[in-house]
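Enquirer: So in my numbering, spot 83 of the sequence shown is number 83, and the numbers just go up one at a time.
Among these hints, one or two may not hold up.
Claimed, not checked - Ranges of calculated distance between the beta carbons of each label pair, as one might list FRET restraints:
| id | residue 1 | residue 2 | range |
| --- | --- | --- | --- |
| 1 | D78 | W41 | 14 to 22 Å |
| 2 | A137 | V84 | 17 to 25 Å |
| 3 | A137 | P63 | 29 to 37 Å |
| 4 | V140 | D67 | 18 to 26 Å |
| 5 | K87 | E132 | 15 to 23 Å |
| 6 | D127 | R30 | 17 to 25 Å |
Simulated from the structure, these hints should not be mistaken for laboratory data.
From the three backbone atoms N, C-alpha and C, an ideal C-beta is built for every residue, glycine too.
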Amino acid sequence: MSPQRPIAATEVLTPDRVMVCLSSNAQAQRVIRTGARIAGWLGSRWYAVYVETPQERPDRIKPQDADALTQNIRLAEDLGATVVRVKADRPSDGLIAFARREGVTHVIFGQTARTRWELLWRGSTLDRFLSEVPDTAVQVVPLSEA
Numbered sequence: 001m002s003p004q005r006p007i008a009a010t011e012v013l014t015p016d017r018v019m020v021c022l023s024s025n026a027q028a029q030r031v032i033r034t035g036a037r038i039a040g041w042l043g044s045r046w047y048a049v050y051v052e053t054p055q056e057r058p059d060r061i062k063p064q065d066a067d068a069l070t071q072n073i074r075l076a077e078d079l080g081a082t083v084v085r086v087k088a089d090r091p092s093d094g095l096i097a098f099a100r101r102e103g104v105t106h107v108i109f110g111q112t113a114r115t116r117w118e119l120l121w122r123g124s125t126l127d128r129f130l131s132e133v134p135d136t137a138v139q140v141v142p143l144s145e146a
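Based on the sequences and whatever the hints tell you, model everything.
Expert: Dropping the structure here:
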């Protein structure tokens with residue numbers, strides 16, 4: 001039987017924090033439930049973070065998207081999340097800033113299939129997040145087009 005490796009003090013003192021990327025996509029409930037499960041397994045606090053962009057301000061968001069967002073927020077709260085609304089020009093900016101500020105260790109993204117052209121034209125929130133916050137564990141939940 002091999003001896004166990006001693007646990008460093010920094011490993012004990014660094015709590016896991018889970019962030020779920022909340023959206024106005026009606027399919028995002030899968031992402032929320034996945035985040036709740038992961039937070040439960042880790043016994044950690046978790047956040048459902050919605051980034052309000054200029055296109056989704058309350059006076060500009062489409063009614064069906066506003067309804068889906070309200071349902072997603074309600075589900076996240078019911079499952080124990082701390083729901084946070086962040087304002088930023090791009091979703092990636094808000095998510096990166098929040099993750100850094102709160103010491104997030106695990107992130108759950110929902111992602112729909114996108115063409116190579118869309119990725120080149122609009123970029124990828126996930127790719128930008130990974131390049132800016134590389135020490136975070138990331139899980140991607142595939143979503144179908146809403």
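Enquirer: Next, verify each hint and record whether it holds.
Expert: Each hint tested on the structure:
Checked against the hint of 14 to 22 Å, the pair D78 and W41 passes, with Cβ atoms roughly 19 Å apart. At roughly 19 Å, the beta-carbon separation of A137 and V84 lies within the given 17 to 25 Å, and the hint holds. Distance hint check for A137 and P63: the Cβ-Cβ separation is about 36 Å, which falls inside the suggested range of 29 to 37 Å. Between V140 and D67 the Cβ separation comes to about 25 Å, which falls inside the hinted range of 18 to 26 Å.
About 18 Å separates the C-beta atoms of K87 and E132, a value consistent with the hinted range of 15 to 23 Å. D127 and R30 have their C-beta atoms about 21 Å apart, which keeps the hinted 17 to 25 Å range intact.
In the structure shown, no violation is registered for any of the earlier numbered hints.
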